[in-house]
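K.L.:
Here is what each chain is made of, one letter per residue.
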Amino acid sequence: GAGVSQSPRYKVAKRGQDVALRCDPISGHVSLFWYQQALGQGPEFLTYFQNEAQLDKSGLPSDRFFAERPEGSVSTLKIQRTQQEDSAVYLCASSLDRGRRESEAFFGQGTRLTVV
Amino acid sequence: GENVEQHPSTLSVQEGDSAVIKCTYSDSASNYFPWYKQELGKRPQLIIDIRSNVGEKKDQRIAVTLNKTAKHFSLHITETQPEDSAVYFCAATFNDMRFGAGTRLTVKP
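Chains as they are written, first to last, in the numbering used here: chain P, 1 to 116; chain L, 1001 to 1109.
Everything labelled a hint here was simulated from the structure, so no lab data went into it. Please read these numbers as outputs of a predicted model, since none were measured by experiment. Each residue gets a CB set at the ideal place from its N, CA and C atoms; glycine is no exception. Heads up, some of the hints might be wrong.
Stated by the list, open to error - Quick partial rundown of chain L residues pointing at chain P, CB under 8 Å, derived from the structure:
1) P1034
2) F1089
3) M1097
4) F1099
Could you put together the complete structure from these sequences and hints?
P.N.:
Rendered as structure tokens:
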């Protein structure tokens, strides 16, 4: 596709349910980022991949959050036993990089997760 | 890790006036500083960026300045228009990209 694609766009989960959020980055993009954006706030860093390697997961708020990118393309963010405080928009971004850290990052449209 | 602070959190200006948003960062290794605009319900979109070897960059009504010694950078919008109303985020990048909390800019006609 032409841009970063995320699915689903909207997800309503019952408290305690597991969810999986998908990100399809732009083809060929090396870097992939996940962010959590609460209403009226800036994107909060969750984790960063370079190809299939997860280089930084320091932003994951708890061990209920897990991200993977097994083939260096599509990434999945999994949240186990969802809690109400997990309700937010989850944004994915990708950038070309080519070994440099100075590339524009393109965002997906986000997945709005509501935990009820 | 990198910590980015952004001020002000809200900014209201009259159409035609200038707007300035300021950010500071903590990691001296950061070398790329993008600015994103996010309209309500939409994804963030890059509006301008600056790399560490440059002190200033301009694109029509938008300019960004960078002071690496002081570890701060600023966004300047001149001749503001109502369609500039949005939330603006700064970011600092070394290995990963960290964002400021955002500035809600309102341009009053």
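K.L.:
Hints first: check each against the structure and report whether it holds.
P.N.:
Quick rundown of the hints versus the structure:
Hint on P1034(L) holds. Least Cβ distance to chain P is approximately 7 Å, under the 8 Å limit. With 8 Å as the threshold, the beta carbon of F1089(L) comes within range of chain P, its nearest partner Cβ sitting at about 5 Å, so the hint holds. Hint status for M1097(L): holds, given a least beta-carbon distance of 6 Å to chain P, under 8 Å. Here the hint on F1099(L) is kept, as its CB sits about 4 Å from the closest CB of chain P, short of 8 Å.
Against the hints set out earlier in the document, no violation occurs for any number.
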